[in-house]
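Protein chains in written order, with the working numbering: chain A, 1 to 277; chain B, 1 to 186.
For the record, the hints were derived by calculation from the structure and aren't laboratory data. Fair warning: there could be bad hints in the mix.
Stated by the list, open to error - Simulated restraints, written as ranges between beta carbons of each label pair: (1) B:V167 / A:E96: 43 to 49 Å; (2) B:V167 / A:N87: 29 to 35 Å; (3) B:L155 / A:I80: 45 to 51 Å; (4) A:N73 / B:V167: 36 to 42 Å; (5) A:I80 / B:Q178: 51 to 57 Å; (6) A:E244 / B:P143: 17 to 23 Å; (7) B:Q178 / A:K237: 31 to 37 Å.
The model shown is predicted, which means the values in this text are computed figures rather than measured ones. Idealized CB from N, CA, C, for every residue including glycine.
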Amino acid sequence: MLNRPRSRSWALFALALVAVVFLVLHELGQLQPVEDLAMVVIGPVQRSVASLVSSVEDTFSTFRDARELRDENRQLQTEINQLRTDNVRLKELEAENATLRDLLRFARSNPTYATLSADVIGRDPSPYLSTLVINAGENRGLKPGMPVITGGSALVGRVLRVGLRTAQVQLLGDVSSAINAVVQNSRATGLVRGQPDGSLVMDYVPQEEKIKTGDIVLTSGLGGDLPRALVIGTVTKVFKYDIEMFQSAALQPAVDLNRLEVVLVITNFEALTAPSK
Amino acid sequence: MSPSPYFTIPFLLIVAILQSTAAPRLAVYGARPDLMLVSVIVWTLLAAFRMRELQYTGEPPSLWRGINDGVVWGFTGGMFLDLLSGAPVGLSALALMIAALVVGIFAVGIAGSTPILVIVATPLGTLAYHLVFLTGLALTGRPAFWSVNLSRVILPSVALNLALIPVVYLLLSPLNRQTERERLHW
């Protein structure tokens with residue numbers, strides 16, 4: 001019993017000695033053949049085990065990567081959504097900016113007009129009437145009859161009814177709308193009226209006047225209720241019959257009256273008046 | 001007795017706003033979905049059908065009560081529409097009330113299955129509404145363009161309303177039952 005620890009010590013000493021001998025032999029290069037032989041046996045096993053370990057690691061790595069990718073994907077998706085929202089907002093702002101720039105250009109080029117801008121917030125619920133609701137009313141000094149325009153000096157219509165904070169605008173295409181007009185080239189005068197389908201017709205043009213497709217029709221300013229030279233539309237077809245007293249023309253409105261978003265109300269302008277005696 | 005104003009007024013106001021904002025964008029040629037008209041027709045039909053059912057119970061209510069519900073909706077919804085429209089104030093209300101009256105009398109007076117009554121009542125109500133509205137416009141000095149509007153607006157509206165009515169019927173049916181339950185509790 002007492003000898004056992006001593007023999008174990010000797011065994012340990014012997015093993016340490018072997019290790020030292022191997023170390024010395026290795027340093028002397030005497031162990032190389034043994035090492036080579038061992039590697040021939042161990043090498044493939046090592047490679048297989050390494051490959052297996054690598055596969056296992058890859059598998060875990062794939063899970064980890066997938067989780068990371070999922071997180072990254074979620075984050076990117078959020079960013080894309082944000083960017084899309086920003087993009088839509090910017091496009092809206094760009095469109096609004098273009099509209100406002102047009103309106104500003106009109107206001108600058110017509111300094112004698114007092115104008116105010118308003119957003120279109122609704123349309124007439126009835127299919128028989130062409131009116132708009134804008135977000136300006138008595139609070140901003142609107143009165144019935146004031147002309148309403150949009151970019152490029154295009155006439156939209158006239159204020160029909162005024163509320164405290166909103167107003168109804170009768171569009172050119174309304175069947176009750178009638179505007180004194182003049183053809184830009186020939187100076188032929190007539191009356192532009194709305195039709196049930198929202199289109200425009202210029203009536204009461206004397207037979208001897210020359211009008212043709214493509215002519216631009218403007219407000220004549222006659223009557224004093226509208227400024228002169230606001231664009232109404234372009235002649236698309238002329239109806240001239242010898243048996244009738246007047247000729248008429250179909251017009252294409254200068255703006256799409258169904259797609260208005262911002263308008264300019266002319267609150268004051270110098271009207272054509274009869275010369276005083 | 002009329003339906004609860006806490007439900008009727010906000011609901012019809014929302015319908016009127018939708019009619020003024022969304023419906024013009026859904027226009028097919030000249031015709032647009034008449035959201036308010038369809039709502040009034042459906043509510044009148046639901047009320048009329050309910051009154052007909054109650055006729056078979058112990059203490060039958062007046063048949064006119066069902067029609068009355070629709071007329072009240074027509075008046076309220078019409079006034080909201082008139083506020084948003086360039087038409088003479090009261091014209092939409094009058095046209096919708098008459099449409100509700102026509103639909104109500106038809107639904108109460110004619111026996112038949114619900115789908116058939118709905119299919120027949122919708123064109124009747126639509127025609128009544130548009131005829132009264134156009135007559136009102138003509139009487140207040142606006143050109144009515146009867147034949148153009150018949151082909152461009154009225155007939156397409158009948159088709160659009162027929163397509164719309166099942167959806168509105170399904171939406172309003174539970175609301176109508178709920179309103180009636182609340183009314184009975186009162």
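Hints, one by one, checked against the model:
no. : hint                        : in the structure
1   : B:V167 / A:E96: 43 to 49 Å  : violated, 34 Å
2   : B:V167 / A:N87: 29 to 35 Å  : holds, 34 Å
3   : B:L155 / A:I80: 45 to 51 Å  : holds, 47 Å
4   : A:N73 / B:V167: 36 to 42 Å  : holds, 38 Å
5   : A:I80 / B:Q178: 51 to 57 Å  : violated, 43 Å
6   : A:E244 / B:P143: 17 to 23 Å : holds, 19 Å
7   : B:Q178 / A:K237: 31 to 37 Å : violated, 56 Å
Hint compliance for this structure: hints 1, 5 and 7 are not met, and every other hint is.
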